[in-house]
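Student: Heads up: the protein sequence lines correspond to chains A and B, in order. Mapping the first sequence onto the numbering used here, position 38 (from 1) lands on 38, and the numbers just tick up by one. Mapping the second sequence onto the numbering used here, position 117 (from 1) lands on 117, and the numbers just tick up by one.
Any given hint could turn out to be false.
For each label pair, taking beta carbons as the anchor points, the in silico distance ranges come out as [said to hold, decoys possible]:
hint, chain 1, residue 1, chain 2, residue 2, range
1, B, Gln157, A, Gly84, 21 to 31 Å
2, A, Trp91, B, Tyr124, 45 to 55 Å
3, B, Gln157, A, Asp92, 28 to 38 Å
Computed far set for chain B versus chain A, every beta-carbon distance over 10 Å [said to hold, decoys possible]:
hint, residue
4, Leu93
5, Thr123
6, Gly162
Examples of chain B residues toward chain A, derived with CB under 8 Å [unchecked claim]:
hint, residue
7, Trp24
8, Ala35
9, Leu37
10, Ser74
11, Gly87
12, Ile173
13, Leu176
14, Ile186
Since the hints were derived computationally from the structure, they do not count as laboratory data. Cβ atoms here follow ideal geometry from the backbone N, Cα and C, with glycine treated the same way.
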Amino acid sequence: MKELYPAKQVGGFVFSLFLTVIALLVYFMDMSFTLAMTILVVTAFVQATLQLVVFMHAGETKDGGAIYLNVLYGIIIALVTIIGSLLILIWDM
Amino acid sequence: MNVKNAQPLEYSTHQNQLNILGFWIFLGAEIMLFATLFTTYFVMEHRTGNGPTGAEIFEITPVLIETFVLLTSSFTIGLGVHAMRIGRKNAMLAFFGITLLLGLGFLCVEIYEFVHYYHVGATYQTSGFTAALLTTLGTHGAHVTLGLFWGLFIMIQVAKRGITAQTANKSFIFSLYWHFLDVVWIFIFSFIYLKGMM
């Protein structure tokens, strides 16, 4: 039975629950908008990285470099699209 | 045609390796799909017109259930892939089955949530905010629905043919898809719900 629950995956799951609880602090506690958004950005990206490395085995073969580069490219384009649109349409800069 | 024996079965042929790399490139395109939806949502977030705001319609309980159910399903499919790698077919099918049941549970809560939005007057055409919200949530929910059927068919294949280079490859690729949906949900949870409710 034990060999079905590798420590790496169980640890990853516990850590992902922990990150979710930290993110929930912004709901259950009073804090400034800046601090809350900082907590959310950090927990969301750490959580995404955790899934990518522990559960999706992104780096385990020789294609790992291409996979990480592809994901990084996707994230950069995503951030440029989101932040660029906010800059023009919401933040009025 | 074994390329490298030390690698798990799902990578065991050149075709299998290309399938996995190709699926990662598809996931890159999916990142962009959800990025455009998030962009629209952030732009429309405060354009509520005469309709309700996020803080007025979001409920913490269903959101928490959805989040923990999906996180757990991401863990169980991870265990399923691990069981597959050590050749434990029944354990693998059990973990995949639990994953799909959790996915179904997630979907039920999400449907409840959509009905709730309808009842409090937040429909697709109420405001820019509700349109962007329901499109983003709906796109994610549609992905989960597709995943349920896809996962079910994969399970049938594994049950019939056993763990072969082909079925292992398909199962692994399905697990990538499922984890990706969990990652998208984390961003929905953080930047739509928690940001809207704080």
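Student: Each of the hints needs a verdict: does it hold here or not?
Tutor: The hints, checked one at a time:
no.	hint	result
1	B:Gln157 to A:Gly84: 21 to 31 Å	violated, 43 Å
2	A:Trp91 to B:Tyr124: 45 to 55 Å	violated, 27 Å
3	B:Gln157 to A:Asp92: 28 to 38 Å	violated, 54 Å
4	Leu93	holds, 12 Å
5	Thr123	holds, 24 Å
6	Gly162	holds, 18 Å
7	Trp24	holds, 5 Å
8	Ala35	holds, 3 Å
9	Leu37	violated, 10 Å
10	Ser74	holds, 6 Å
11	Gly87	violated, 11 Å
12	Ile173	violated, 11 Å
13	Leu176	holds, 6 Å
14	Ile186	holds, 5 Å
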